[in-house]
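Asks: For the record, the sequence lines run as chains A and B. Numbering of the first sequence is given in our numbering, commencing with residue 1 and proceeding in unit increments. Numbering of the second sequence is given in our numbering, commencing with residue 112 and proceeding in unit increments.
Keep in mind the hints are simulated off the structure, nothing from the lab. All the pointers check out, no bait thrown in.
Ranges of calculated distance between the beta carbons of each label pair, as one might list FRET restraints:
id, chain 1, residue 1, chain 2, residue 2, range
1, B, His121, A, Lys54, 35 to 43 Å
2, B, Val123, A, Tyr51, 38 to 46 Å
3, A, Asp11, B, Ser183, 39 to 47 Å
4, B, Lys149, A, Lys3, 18 to 26 Å
Within a straight-line C-alpha distance of at most 25 Å, the following computed DMTMM-like cross-link-like pairs (lysine to aspartate or glutamate) qualify:
id, chain 1, residue 1, chain 2, residue 2
5, B, Lys149, A, Asp82
6, A, Lys3, B, Glu155
7, B, Lys151, A, Asp11
8, B, Lys152, A, Asp82
9, A, Lys98, B, Glu135
10, A, Lys54, A, Asp82
Using N, Cα and C, we set each Cβ at its ideal position, and we do this for glycine too.
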Amino acid sequence: LAKTTQPISMDSYEGQEVNITCSHNNIATNDYITWYQQFPSQGPRFIIQGYKTKVTNEVASLFIPADRKSSTLSLPRVSLSDTAVYYCLVGDSGNTGKLIFGQGTTLQVKP
Amino acid sequence: DTEVTQTPKHLVMGMTNKKSLKCEQHMGHRAMYWYKQKAKKPPELMFVYSYEKLSINESVPSRFSPECPNSSLLNLHLHALQPEDSALYLCASSQVTNQETQYFGPGTRLLVL
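Full structure from sequences and hints, please.
Replies: What follows is the structure, encoded as structure tokens:
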């Protein structure tokens, strides 16, 4: 299973764009990259998933370079409510549903 | 309806008690999961059910006993737990067990005294 590495924490201010990068050097050919958000005492919530290049939805963008050894979650114009832990996950190519959460990045958005 | 519900929200139990956690989804998902999350740590997978059959047991102690009575329900039976088992227990579901998005419930906060 591909291991992921993310910064432990990041600080930002309201209205700024936040980019969180995740390294996954051993990603397998069939693996997708998925990001989840978790608020305290709640379950993780799916944000975005991608395989290559760029994916955008109403919440975030995900940039994946050609070698797929890293990915960057981009949150445009963050607000205080975006303060949360963000997890980067790389799926199990054996299709078992086994998700391995890394340590995650705690994003603190300040006013 | 994209909701996974879990009951109870909070549970306090002694080491000799028997209790059960319940998880329910009505999205037609055929894969369901139990995770354990300690404070300030990432969720850790415990069990995976695929089409109501246990497909993954991550070497979880036998004092945790999962059950999937039907495609919408997932239970976790607890017996003779230890204080170190205190944690947030999260249930999740997905359409199937490939790399589909997993939908998580709010969790059950368990305290073992």
